[in-house]
Amino acid sequence: MDIGFKKLNPPQKSFQVYNYDDLINNIENAEVLVISGLWQNELIEKAKNLKYIQLTGVGYDGYDLDKLKKNNIKLCNAVGLNRIVVAEHTISLILALSRFLHIARDNQLKKFWAPFISDPLERQSEINGKTVVIFGLGDIGTTIAKFCKSFDMNVIGIKRNTNIQSDYTD
1203 MDIGFKKLNP PQKSFQVYNY DDLINNIENA EVLVISGLWQ NELIEKAKNL KYIQLTGVGY
1263 DGYDLDKLKK NNIKLCNAVG LNRIVVAEHT ISLILALSRF LHIARDNQLK KFWAPFISDP
1323 LERQSEINGK TVVIFGLGDI GTTIAKFCKS FDMNVIGIKR NTNIQSDYTD
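Position in the sequence shown (from 1) plus 1202 gives the number in this note's numbering.
Just so you know, the hints here were simulated from the structure itself, not pulled from any lab data. These figures come from a predicted structure and were not determined experimentally. Take the hints with a grain of salt, since some may be wrong.
Mimicking DMTMM-like on lysine to aspartate or glutamate, the simulated pairs with C-alpha atoms at most 20 Å apart in a straight line are [unchecked claim]:
no., residue 1, residue 2
1, K1351, D1372
2, K1348, E1328
3, K1332, D1321
4, K1250, D1224
5, K1361, D1372
6, K1215, E1233
7, K1348, D1369
8, K1271, E1324
The calculated label-pair distances, taken between Cβ atoms and stated as ranges, are [unchecked claim]:
no., residue 1, residue 2, range
9, E1230, D1369, 24 to 30 Å
10, P1212, F1353, 27 to 33 Å
11, K1269, D1354, 30 to 36 Å
12, P1317, K1361, 21 to 27 Å
13, R1362, R1301, 30 to 36 Å
14, K1208, K1312, 22 to 28 Å
15, D1369, G1259, 25 to 31 Å
16, I1366, Y1222, 37 to 43 Å
17, L1267, E1233, 16 to 22 Å
18, I1205, Y1254, 17 to 23 Å
We put the CB at the ideal spot given by N, CA and C, even for glycine.
My request is simple: use the sequences and hints to build the entire structure.
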């Protein structure tokens, strides 16, 4: 990310760290922090100039919101950022499991080529027509439901707010 900031050449100085010790040693100079994974709430005391934290993900439950507010530090997460990539990854895992790719990989390493299995109940399974249950229909869950629908799957969605309808659940 530091390379990107240097290309933009903003008036603010930037630095990039890869471990907590480097972060704690540099945090007092930071006004803006773009962070993923290294955060500890004890950093707030050392971050004398910090005004803004930009998360590279969605979850912010590890942040002491009261302490941040007390220190006038704004926190912003990246809602929707990972929606597509997580949904695509989920679909890839569903396909991999239904096609027994983990077994095929292991067989390939053993140089074993499985013979054709004529019984459709024992061989690779199609996901078309299968039922999937999705717990949570936020941005990611709704996108997974949409992708599952494109495979003509039956989609059951479980969500907190039942007043909001989804076009992608049965």
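Results for each hint:
About 9 Å separates the Cα atoms of K1351 and D1372, which keeps this hinted pair within 20 Å; it holds. For the hint linking K1348 to E1328, the alpha-carbon distance of about 18 Å falls within 20 Å, and the restraint holds. Between K1332 and D1321, the direct Cα distance comes to roughly 18 Å. Compliance with the 20 Å bound is thereby established for this hinted pair. Between K1250 and D1224 the alpha-carbon distance is near 16 Å, which keeps this suggested pair within the 20 Å criterion.
Distance check on the hinted pair: K1361 and D1372 sit about 13 Å apart at the alpha-carbon level, within 20 Å; holds. Simply put, K1215 and E1233 have alpha-carbon atoms about 9 Å apart, close enough for the 20 Å limit, and the pair holds. Taken as a hint, the K1348 and D1369 pair is honoured in the structure, with Cα atoms around 8 Å apart against an allowance of 20 Å. For the given pair, K1271 sits about 58 Å from E1324 by alpha-carbon distance, which is inconsistent with the 20 Å threshold.
A hinted range of 24 to 30 Å is violated for the C-beta pair E1230 and D1369, which are about 49 Å apart. Distance hint check for P1212 and F1353: the Cβ-Cβ separation is about 44 Å, which falls outside the suggested range of 27 to 33 Å. For the pair K1269 and D1354, the beta carbons lie near 49 Å from each other, so the given range of 30 to 36 Å is not met. In this structure the supplied range 21 to 27 Å is violated for P1317 paired with K1361, their Cβ-Cβ distance being about 44 Å.
Roughly 33 Å separates the CB atoms of R1362 and R1301, a value that falls within the hinted 30 to 36 Å. For the hinted restraint 22 to 28 Å between K1208 and K1312, the CB-CB distance of approximately 49 Å leaves it violated. A C-beta distance of roughly 27 Å is found between D1369 and G1259, which places it inside the suggested range of 25 to 31 Å. The hint said 37 to 43 Å for the Cβ distance between I1366 and Y1222, and at roughly 40 Å that hint holds.
As the Cβ distance of L1267 to E1233 is approximately 20 Å, the hint placing it in 16 to 22 Å holds. Between I1205 and Y1254, the C-beta spacing of about 21 Å keeps the proposed range 17 to 23 Å intact.
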